[in-house]
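Colleague: All chains, please: the whole structure from these sequences, using the hints.
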Amino acid sequence: MPGPRTLTNLLELFWRDGFSRIHEIQQKHIREYGRIFKSHFGPQFVVSIADRDMVAQVLRAERDAPQRANMESWQEYRDLRGRSTGLISAEGKKWLAMRSVLRQKILRPRDVAAYSGGVNEVVVDLIKRIRFLRSQEDDGETVTNVNDLYFKYSMEAVATILYECRLGCLDEDVPEQTLRYIEALELMFSMFKTTMYAGAIPKWLRPLIPRPWEEFCRSWDGLFRFSQIHVDNKLREIESQLQKGEEVKGGLLTSLLVSKELSLEELYANMTEMLLAGVDTTSFTLSWATFLLAKNPQIQQSVYNEIVRNLGKDVVPTAEDVPRLPLVRAVLKETLRLFPVLPGNGRVTQDDLVIGGYLIPKGSDLSYVPQTQLALCHYSTSYDEDYFSAAEEFRPTRWLRHGHLDRVENFGSIPFGYGIRSCIGKRIAELEIHLALIQLLQKFEIKTSPKTQSVVPKTHGLLCPAGAINVCYADRE
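UniProt numbering applies: residue 1 is where the sequence shown begins, and numbers increase by one.
By construction, these hints were calculated from the structure, which means they are not laboratory data. Among the hints, a few may not be true.
[Said to hold, decoys possible] Below, a list of computed lysine to any residue pairs in the SDA-like style, where the Cα atoms sit at most 25 Å apart:
#, residue 1, residue 2
1, K333, D53
2, K128, D475
3, K38, K203
4, K28, E265
5, K94, K362
6, K128, G118
7, K333, Y383
8, K94, G118
9, K105, V248
10, K244, L257
11, K426, D53
12, K93, K458
13, K105, N120
14, K203, F45
15, K458, A468
16, K203, D79
17, K447, N145
18, K28, T8
19, K38, R16
20, K93, Y77
21, K94, E265
22, K93, Q350
23, K426, R16
24, K249, C165
25, K295, K447
26, K203, R5
[Unchecked claim] Pairwise CB distance ranges, derived in the manner of DEER restraints:
#, residue 1, residue 2, range
27, D148, L242, 39 to 45 Å
28, D173, K203, 41 to 47 Å
29, N233, S389, 49 to 55 Å
30, R60, N233, 41 to 47 Å
31, Q301, P323, 17 to 23 Å
32, E392, S240, 53 to 59 Å
33, S135, R60, 48 to 54 Å
Beta carbons: idealized from backbone N, C-alpha and C, even for Gly.
Modeller: Right, dumping it as structure tokens:
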């Protein structure tokens, strides 16, 4: 199997800051070695796959509890601190048991629809914040660095669902405690690159290069602390209600605490990991969607016309309204095709597979046996002209169904994954993005500003904007 030499690969990643260009390196290696190639990442042997049909073959061959690629550093931290694993880090029967509990709360459309009211309250605050920020600019319309604005929106919306509380992220004077939480999340986001270093550096080298592992642990400490505070607060609230003989009512966290289907440590872990997975993914996608709509006013007008025609200019949307707005849904799909939050995903096969003419041996349950990691190159397949015509262009209409039985499915772009190990927070993320986009377009025409510059993506664990996105929010007449 062709592929880059180990030394070349390590120089690219560590010396030339390849970790911020993983999406570009994917495409470079595909041009040089084809749609399936091998590489070494520290002690790990990786087979990268950038072929839609091969990706489909891998994912369709999965069993009941698919195994992610190497999560050894995550597991080691949890063992060190006596922490439980959550849905992202767990494997096997434990992962399956936790998912079966959580999927009943946050994966079924009717359950997620119940969060519409809380999310819409956050959208109201987002719009107020936009009005304030643009009033600080000379033109009265520009908002600079919408990335930061949407980060705070996403954090507030996720906290509303996960912790059943408001944090004040969008207030003019953000509470001091919330500022510390935001700093903890930013530290956690910054640790993605450190995670890669921590996973690539053998344990015996840590005394000589201690910083990556120390930062990795400190980042997790901060986010676990954040989640534990909110879980414990809710637990005390429930205990107080029970002592007074009051009926206990609430949302996701209340339901999980009352049912006791997960242990307290499992709750800490899952709330921590879902928060980590939910904030930046939603904020980056909203930032890119805003940028693309500003750059493509004709498409934006078509989306706005659909909203007015099928919903109304002043009607507050709910989850039940979204299916009537197929172009809004298509904007999200196309944004995620062009800028998939995860440029790649990893798997360890549970059976021997022949992929592209090569035998990929199944993974072992023994930790000391080297595993072959599969890297599914979603960024590269998203830009492959064989799978998407005019792949570089923003064309939401490619995702529209043209008949009742027509189904648009393409393994070239699967931003939320596929099958039983797909993103369990998919419907929550879609709800937060759909409701925000609809109401932003009801209120504003999003336009480029003199301060709008070209923005390219960079890899920071997730695919994020490399610079600030600045746009105008002009009131609609």
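Colleague: Taking only the CA atoms, is the gap from K447 to N145 under or equal to 25 Å?
Modeller: With Cα atoms ~14 Å apart, K447 and N145 stay inside 25 Å; holds.
Colleague: Holds or violated: K94 with G118, Cα cutoff 25 Å?
Modeller: With a Cα-Cα distance of about 31 Å, the restraint between K94 and G118 is violated, given a limit of 25 Å.
Colleague: Between D173 and K203, does the C-beta distance stay in 41 to 47 Å?
Modeller: holds, 45 Å
Colleague: Is it true that E392 and S240 lie within 53 to 59 Å of each other by Cβ?
Modeller: Holds, since E392 and S240 (Cβ atoms, about 57 Å apart) stay within the stated range.
Colleague: If you draw a straight line from the CA of K93 to the CA of K458, is it 25 Å or shorter?
Modeller: violated, 35 Å
Colleague: Can you confirm whether the C-alpha distance between K105 and N120 stays at or below 25 Å?
Modeller: Distance of about 19 Å is within 25 Å: holds.
Colleague: Are the Cα atoms of K93 and Q350 separated by 25 Å or less?
Modeller: OK: K93 and Q350 at ~14 Å, within 25 Å.
Colleague: With 39 to 45 Å as the target window, see if D148 and L242 comply at their CB atoms.
Modeller: holds, 41 Å
Colleague: Measure nothing beyond the straight line between the CA atoms of K244 and L257; if it is 25 Å or shorter, mark the hint as holding.
Modeller: It holds: about 18 Å lies between the C-alpha atoms, which stays within 25 Å.
Colleague: Holds or violated: K28 and T8, Cα atoms, limit 25 Å.
Modeller: holds, 13 Å
Colleague: For the pair supplied as a hint, K28 and E265, confirm whether the alpha-carbon distance does not exceed 25 Å.
Modeller: Violated. K28 to E265 sits at ~43 Å, over the 25 Å cutoff.
Colleague: Are the Cα positions of K458 and A468 separated by 25 Å at most?
Modeller: holds, 12 Å
Checked against the numbered hints listed earlier, the structure breaks hints 4, 8, 12, 23; every other hint is satisfied.
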